[in-house]
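Top line first, the protein sequences correspond to chains A and B.
Residue numbers for the first sequence follow my numbering, beginning at 1 and rising by one.
Residue numbers for the second sequence follow my numbering, beginning at 1 and rising by one.
The hints are simulated quantities; they were obtained by calculation from the structure and are not laboratory data.
It is possible that part of the hints are untrue.
Since the list can't tell identical chains apart, any single copy or any two copies may satisfy a pair.
Distance condition first, Cα-Cα at most 30 Å in a straight line; then the derived DSS-like pairs of lysine-lysine [what the hints assert, rightly or not]:
id: 1; residue 1: K138; residue 2: K220
id: 2; residue 1: K220; residue 2: K56
id: 3; residue 1: K56; residue 2: K234
id: 4; residue 1: K41; residue 2: K220
id: 5; residue 1: K220; residue 2: K189
id: 6; residue 1: K234; residue 2: K189
id: 7; residue 1: K41; residue 2: K138
id: 8; residue 1: K189; residue 2: K237
id: 9; residue 1: K138; residue 2: K234
id: 10; residue 1: K16; residue 2: K234
id: 11; residue 1: K189; residue 2: K56
Number of protein chains: 2
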Amino acid sequence: MNNTSIGHHISEQFNKELEDMRNHVLTMGGLVEEQIENAIKAFATADVELAEQVIKQDNQIDALEIALDRECMEILALRQPTAFDLRLLITMFKTINELERVGDLAEVIAKMAIVTSEVEGHPHAPYYEIQHMADLIKGMLHDALDSFARMSLDEVPAITARDELVDREYASIIRQQITYMMEDARNIKRTLNVLWTVRSLERIGDHACNICEHLVYMIKGEDVRHTSHEELEKKVKGE
Amino acid sequence: MNNTSIGHHISEQFNKELEDMRNHVLTMGGLVEEQIENAIKAFATADVELAEQVIKQDNQIDALEIALDRECMEILALRQPTAFDLRLLITMFKTINELERVGDLAEVIAKMAIVTSEVEGHPHAPYYEIQHMADLIKGMLHDALDSFARMSLDEVPAITARDELVDREYASIIRQQITYMMEDARNIKRTLNVLWTVRSLERIGDHACNICEHLVYMIKGEDVRHTSHEELEKKVKGE
Chain A
1 MNNTSIGHHI
11 SEQFNKELED
21 MRNHVLTMGG
31 LVEEQIENAI
41 KAFATADVEL
51 AEQVIKQDNQ
61 IDALEIALDR
71 ECMEILALRQ
81 PTAFDLRLLI
91 TMFKTINELE
101 RVGDLAEVIA
111 KMAIVTSEVE
121 GHPHAPYYEI
131 QHMADLIKGM
141 LHDALDSFAR
151 MSLDEVPAIT
161 ARDELVDREY
171 ASIIRQQITY
181 MMEDARNIKR
191 TLNVLWTVRS
201 LERIGDHACN
211 ICEHLVYMIK
221 GEDVRHTSHE
231 ELEKKVKGE
Chain B
1 MNNTSIGHHI
11 SEQFNKELED
21 MRNHVLTMGG
31 LVEEQIENAI
41 KAFATADVEL
51 AEQVIKQDNQ
61 IDALEIALDR
71 ECMEILALRQ
81 PTAFDLRLLI
91 TMFKTINELE
101 RVGDLAEVIA
111 KMAIVTSEVE
121 GHPHAPYYEI
131 QHMADLIKGM
141 LHDALDSFAR
151 MSLDEVPAIT
161 ARDELVDREY
171 ASIIRQQITY
181 MMEDARNIKR
191 TLNVLWTVRS
201 LERIGDHACN
211 ICEHLVYMIK
221 GEDVRHTSHE
231 ELEKKVKGE
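Next comes chain A alone, as it looks inside the complex:
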């Protein structure tokens, strides 16, 4: 055990509070992952019922945000933590906020699924490409949450490096869709929904990277936001 792990406190109760808090954040993370999965499925299969379920379920994520923020505040007020413990709690606040925003983006995708199902015309949406981009992003978020669960930075550089792939896939879908719009004006409305959807996916990737950056701060005490990937890698390795 070292002082950058949860279980190092003399107070068993404090250890338990932090463990609980971490588990609650991970529960929220699991729910958010499920929301992305269902939103994309609803979009690809024009499943309005599933989309409505995602929209409804977002309330649960919002409620979790409020409850977990309160839990964090109570621990802060009661335990008056410093050093790693303080960074841990501030990182939890920030991670909760990132997850809530990812939940909102899943809701945007679900709304696009409903709007798209109402638009006339053939689908023609690049479902294969969107699915591929969604898989990439779900992987990034899952691995970021897994690193958070294990409080380990080992995978962090590999996760944030994937954001470049996401950006490339995003740009490629946008280019393809613009061509498609230009070919036939009847495609425009439907295609705009595809654009808002892939834009939302791209932003979920950014939030996954943000979670990784918060994690570096928590464990290393170094703020790696707005630095290059190389800089992040160096900080993770402690160079």
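Following the hints, put chain B in place on chain A, whose structure we already have.
Showing chain B alone in chain A's frame:
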């Protein structure tokens, strides 16, 4: 003086730290307001030089985010605040984060200004409508920061109520632009830049509302995120 103001501590030094922190957040806010102003101006006048200045200046906002977060952390660790003071510091963290995201959105608009200046064809963008929407949003952000400066909730319900107007203007511009795209495929690329720009503006309005909600939490200790406008108004009035 009451216990929901900054100057109530016995320690003069602590009062000064909180005052400084508040002033630094307001400085960041002023810079962010300037960025929105310049980004919209660059977009409306196709001023590439000004757009590049906005993009460059975003680094300064990013650096401020890191510096102010650190300042907050130091006060938390040193002063171990509880009750109002703890809420004040957590609200500062959250407000800094909202401002940084607004800065990013101003950068998106500046990038759109550059891309648009390179696209062939007549402008035809709804500059009058965009300017009107931008004025509305700048007003919301300015008033939110003003409420933060005065630590007063008096104006908060009137600020968040304006978000509905923003949403209406946003929807109207989007509808108009879709028609415009359908009329002539050569308008598509340019019009997409308009869509990303108004989308960014709309999101800035959301961040202004978020700042108001954080402020309610700070002063009232009540979390009004994800509640209705009526609910927020009631909480502000302490009903």
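Reference check for the pair K138 and K220, CA-CA at most 30 Å: within, between, both, or neither?
This pair counts as within: shortest intra-copy Cα distance 26 Å, inter-copy 38 Å.
If the cut is 30 Å between Cα atoms, do K138 and K234 qualify within a copy, between copies, both or neither?
This pair counts as within: shortest intra-copy Cα distance 26 Å, inter-copy 39 Å.
As a check of your reading, is K41 near K138 (CA-CA no more than 30 Å) within one copy, between copies, both or neither?
within (13 Å within a copy, 38 Å between copies)
Indicate which option fits the pair K189, K56 if close means a Cα-Cα distance not exceeding 30 Å: within, between, both or neither.
within (25 Å within a copy, 35 Å between copies)
What label fits K56 with K234 when the C-alpha limit is 30 Å: within, between, both, or neither?
between (42 Å within a copy, 25 Å between copies)
Up to 30 Å CA-CA - K189 versus K234, copy category:
Intra 45 Å, inter 40 Å, cutoff 30 Å: neither.
If the cutoff is 30 Å on CA atoms, where do K220 and K56 land: within, between, both or neither? Let me know, please.
between (38 Å within a copy, 28 Å between copies)
Copy assignment of K220 with K189, given that the CA separation must stay at most 30 Å:
Answer is neither: 47 Å inside a copy and 44 Å across each miss the 30 Å cutoff.
Treating 30 Å as the Cα threshold, decide for K16 and K234: within, between, both or neither.
The answer is neither: 33 Å in one copy and 37 Å across copies each exceed 30 Å.
How would you label the pair K189, K237 (within, between, both, or neither) given a Cα cut-off of 30 Å?
neither (47 Å within a copy, 43 Å between copies)
Have a look at K41 and K220 and pick one of within, between, both or neither, based on CA distance no larger than 30 Å.
neither (38 Å within a copy, 41 Å between copies)
Of the numbered hints given earlier, the model fails hints 4, 5, 6, 8 and 10; all others are met.
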